[in-house]
Amino acid sequence: MIGAFIKSLRWVDLLIYSITDPRALYRTVRDYKNEALFLGPVILFFIALAGTLASSVLFTQSGYFYYKITYGLIMTVLLYAVILLVSASLMDLYLQFSGTGSDVKGIAVVLLYSFFPMCFILPLTVIFSVLNFAPVFFYSLFWFLVFIKCSYNAVSGISEIFSLTAARAFFVFIFPFLFFGVSGFFIILLMLVCGYGYLIG
Amino acid sequence: MDKNRKLLIAILALLVFSVTLTIFKIGITLEREEKPFDRGFRVKTGAGVGIVRIEGPIAFASADGAVFPGPGGAEAVIRRLDEMSRDKNIRAIVVRINSPGGSVSATQEIYRKLMSVRKFDIPLIASMGDVAASGGYYVASACDVIVTNPGTITGSIGVIAVSPNLKDLFEKLGISMNVIKSGKYKDMLSAYRDMPEDERKLIQEIIDSAYRIFLRDVAIGRNLSQNDIEPYADGRVFTGDKAIEYKLADQIGGFEEALNLAREKAGLSPGAPVYDHPKSALEMFLMNISEAIGHQKTLFGPARKISEIYSYPFMIEYRLVR
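These protein sequence lines map, in sequence, to chains A and B. So for the first sequence, numbering that gives the first Met the number 0 puts the first residue at 0; every next one is plus one. So for the second sequence, numbering that gives the first Met the number 0 puts the first residue at 0; every next one is plus one.
It should be emphasised that the hints constitute simulated quantities derived from the structure, not laboratory data. Heads up, some of the hints might be wrong.
Stated by the list, open to error - These stretches of chain A come out as covered by chain B in the derived footprint (C-beta under 8 Å, 3 or more residues): (1) 51-57; (2) 110-116; (3) 125-138.
Built from N, CA and C at the ideal position, the CB exists for glycine as well.
Let's have the full structure, built from the sequences with the hints guiding it.
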């Protein structure tokens, strides 16, 4: 099944739609969720590789670079995979609570392919790094712009899966950020209160 | 081929190209950081020795045909010295010289800058490469200590102005010049006519004046009297070991010995980091191209020399004549 998916070159469409047409991306994903998810580690690897190299090309590298590009890259891929699964699960949780529906696999695939354009940070950054023309500024700028594009892809995909308005799809997308932000805030608050109590007690 | 497939191939090619370029660029900088004298310093931090490189003829202008014109030559050297004198991590400076000399003003400006850096109590060590003659030696004399290789060509303390006399050639070719000038001496050192005695006298005065400044500055830099230097300051060149004999250099050694001496003078540990001039990948790439093109100039040998002199008749130089 997976071999047939690779041979059929449907994955080419997935990658192209992640750049050109996010809604068409989900329409394609809908029929090939398992196969598309199978290619996930490859996509994550490319995103992690591009991100690691783009941040490394900005500064003179020491011998530590060898660790960064081997063990560091593996750790980054694993970290991205965890973030992807946790985010997809939290979005699905919110959607279930709000009675919209549930499709955690669909969300994970859409998020995965939506963030494929993050690979383009590398070619965009490397030009300015080689020319030595404000590379850090352009890296930050391109990272921000590409992240907005990827977020737009993800919001469009979520909107397509659950037939949501753009505003609601956006809220679903930022839900994991809000969840971790609010949880983090309360955890820090709790720690401060406990610390203060411990110090004056 | 399907349009999407073509697009994806283009995207993948772009990604592969950028990955290759990035690894190439990182590879260059990694290699530069691991030169023999840097070994053991993966990440450079803390107090160390700064390097200033003076290579080739000394002049203000940047290299001919520079793609991105910016401060080049003497200006770049002065700027680097200025940055290093203000950097708290730089406790000593090694000035690596591999130069046959250059224009009077550019040489004097570097000399003065080095003398001002000396006032900051930063030990300055000159390390001579293949050649540190004339202006190259002038600059070295501003350092606290001069380390030279036994076979380094140095000395050539003197000033020179060269102008060809192409009058006969011009006549033979039937070329005559139309000169409209505001004063008698406006076309001094012109190649299309003989040099009259009064012009020669004027040029000689300039040469003598520049020579006296050269002699005085070397004497100040080396803590010697002008009488000590004068016997060897007749334009002669000599090797590094002779320079030590004449008290114009202090010790025999290469770049590594100079670095160790700098560390010792600054009270740094033997493993203290070395801050060399970083070059971007593009700079190195363009330098290689420009060198490759430079070796293939259409004019060569005497013809090029005549062309240079004719273009800049007023080049009065502290330079070893080649």
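Taking the hints in turn, this is what the structure says about them:
no., hint, in the structure
1, 51-57, "holds (count 4)"
2, 110-116, "violated (count 0)"
3, 125-138, "holds (count 5)"
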